[in-house]
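Work out the full structure: start from the sequences and follow the hints.
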Amino acid sequence: MKSKKGHNRIQYILTLVITLFALGVIAFYTFASFYSVAMEDAVTIGKNSVSQEAEELNNFLLQGLDVLQVTGLVVDSMMRGGADPEEIEKFLLQESEDYARAIDKNFTGIYGVFNGVYLDGIGWVPDDDYVPQERVWYTTALAGGGRPMVVSPYLDAQTGSIMISVSQLLSDGKSVVSLDIVMDEMQQMAKNIQLNGEGYGFIIDKNGLVVAHQDDSQKGKNYLTDEDMQDTQLPEMTRKILSSNEKAVTMELDGEECMIFSKEVQKDWYVVMVINTADLFERVKVTLWRNIFVSVLIFIVVGYFCTSSYRNRNKATRYAEELQGYQATLEERVETQTKKIKEQALERIRMQESVIEGMAAIIESRDNSTGEHVRNTKRYVSMMADYMLENNIYPETVNEKFTVYIRNAAPLHDVGKILISDVILNKPGKFTPEEFEIMKTHAFLGGDIVEKILAGNAEPELLQMAKEIVCCHHEKWDGSGYPMGLRGSEIPLSARIMAVADVFDALVCKRVYKEAMAEEHAFSILREDAGKHFDPVLVDVFFAIREDVHQYLQENARRQ
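For the sequence shown, the positions run 1 to 560 when my numbering is used.
Don't read these hints as lab results, they were simulated from the structure. Mixed in with the good hints, there may be bad ones.
With a straight-line cut-off of 20 Å between C-alpha atoms, the simulated PhoX-like cross-links for lysine-lysine are [stated by the list, open to error]:
no.: 1; residue 1: K47; residue 2: K267
no.: 2; residue 1: K206; residue 2: K174
no.: 3; residue 1: K339; residue 2: K427
Simulated DEER-style distance windows between Cβ atoms [to be verified]:
no.: 4; residue 1: N426; residue 2: D184; range: 41 to 49 Å
no.: 5; residue 1: T277; residue 2: V136; range: 39 to 47 Å
no.: 6; residue 1: N115; residue 2: T277; range: 28 to 36 Å
no.: 7; residue 1: N245; residue 2: L389; range: 30 to 38 Å
no.: 8; residue 1: S171; residue 2: P536; range: 35 to 43 Å
no.: 9; residue 1: V17; residue 2: N192; range: 51 to 59 Å
no.: 10; residue 1: E372; residue 2: N115; range: 33 to 41 Å
no.: 11; residue 1: S244; residue 2: Q63; range: 42 to 50 Å
no.: 12; residue 1: N457; residue 2: H521; range: 39 to 47 Å
no.: 13; residue 1: S244; residue 2: K174; range: 39 to 47 Å
no.: 14; residue 1: Q266; residue 2: N392; range: 45 to 53 Å
no.: 15; residue 1: E490; residue 2: E335; range: 37 to 45 Å
Virtual Cβ for every residue (Gly too), placed ideally from N, Cα, C.
Okay, here's the thing in structure tokens:
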């Protein structure tokens, strides 16, 4: 009995030592991994913080570019129509006032050279020796060859504000439209660049000019060329930022190790956040030591239970049975959680489809529609595609994937309207020729938007079909459509299907410029335009699903 007790005691001690040693190794490995991951997470959070501010800056600049492009399109159209300088100047004055009041007070005025004459949207009259063709905003626009160009920032000596100009060469190759933007809003952005209240931020251009800084006294300085900067560490820091490719860099500033995060914007500016490394990782270290302390307590508890196990084998057996029960419960939880994750993944797919429809509904709401147009056209397109698949129509193109892709892409057909002015989009009467020319640009503009939204986030076939629908659904079978004047089978099949659904829904629904048309009349118009506006085969398809279309319209009427 005594020998047995001694054997049990040795077994107990060995078990306790081995257990504690194993727990120690596991804890060391776990916390070493945790520390590494936590460090990476801290850096990721820093990058995300800078990226958010960079996105805000990018949106601000894109708004200015949108204003410039819309104004350029209108002025271009006016010049082609033979407008005189007085008419163009009146338009610039009105647009400058409207943009400053309704869009952003930082947009200080539109100006430019039109048919060789300098015109200013805020009424400024230049000196006699002022030669606009020698100004940076003009020469930069010429170099851009028709693309909107951003001129390097400069410090206004009178106001102390950082200014930029955005300029664009018009279609005649000589006229240039330009917009001045006060960058005071960027100063507020710079003050917001922090991580949990730590660090400071600034915005710098590719030439080293400080466009905005949390410290107002730094605004307008050039960290690369100013003489009073050469004895500081700021030139070295700036060079590291410009060559970092947006990677976080570490260097010593004022005797303290700092981490510098940067994000490039519009290939001309960098949003920067500087934070003390100790501040960045302090919370990680505190959390690590707290977890180590908890682990020690766990070791003590393990030792206690090992001792209890030694004293009472029966209890140990019961604990083992309970452990098996816990294991079974854990497996059940894992299975439940796996099922939940799969459901969440399917939900995310459904959410992505909802985002596409929601975005298209937003576009429709801008021209005073209710968003029903998006749902209606998607339904008609789906009906047509399913019927074509079942009846072997255009079998070289139509398959299961085709029906899925066209159903998902259809809601984006008018996404380009987001870049069309509300004044034109919501006009109740007939468009002027100039307004219609602007309106027609929504097809190509929509193609660019689809490319930016779906590129890298969708299958290539879906991206291609979405671009075809957006760019070509206003083309006509006889070649009289726009924007490219395609005819017959030159028009992608998806766009030809979209054209039938789009026109039919426009006919039977009430719009700002007309009342709803009777269903019978709308079908007769489709038949009349077969071979002119529409693919005759697809008109036959739409008539084949006429009963389903009628039932859908009746359901809509009951819901309303």
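Taking the hints in turn, this is what the structure says about them:
| no. | hint | verdict |
| --- | --- | --- |
| 1 | K47 x K267 | 18 Å, holds |
| 2 | K206 x K174 | 28 Å, violated |
| 3 | K339 x K427 | 51 Å, violated |
| 4 | N426 x D184: 41 to 49 Å | 32 Å, violated |
| 5 | T277 x V136: 39 to 47 Å | 40 Å, holds |
| 6 | N115 x T277: 28 to 36 Å | 59 Å, violated |
| 7 | N245 x L389: 30 to 38 Å | 48 Å, violated |
| 8 | S171 x P536: 35 to 43 Å | 38 Å, holds |
| 9 | V17 x N192: 51 to 59 Å | 55 Å, holds |
| 10 | E372 x N115: 33 to 41 Å | 46 Å, violated |
| 11 | S244 x Q63: 42 to 50 Å | 28 Å, violated |
| 12 | N457 x H521: 39 to 47 Å | 42 Å, holds |
| 13 | S244 x K174: 39 to 47 Å | 40 Å, holds |
| 14 | Q266 x N392: 45 to 53 Å | 51 Å, holds |
| 15 | E490 x E335: 37 to 45 Å | 54 Å, violated |
The earlier numbered hints that this structure contradicts are 2, 3, 4, 6, 7, 10, 11, 15.
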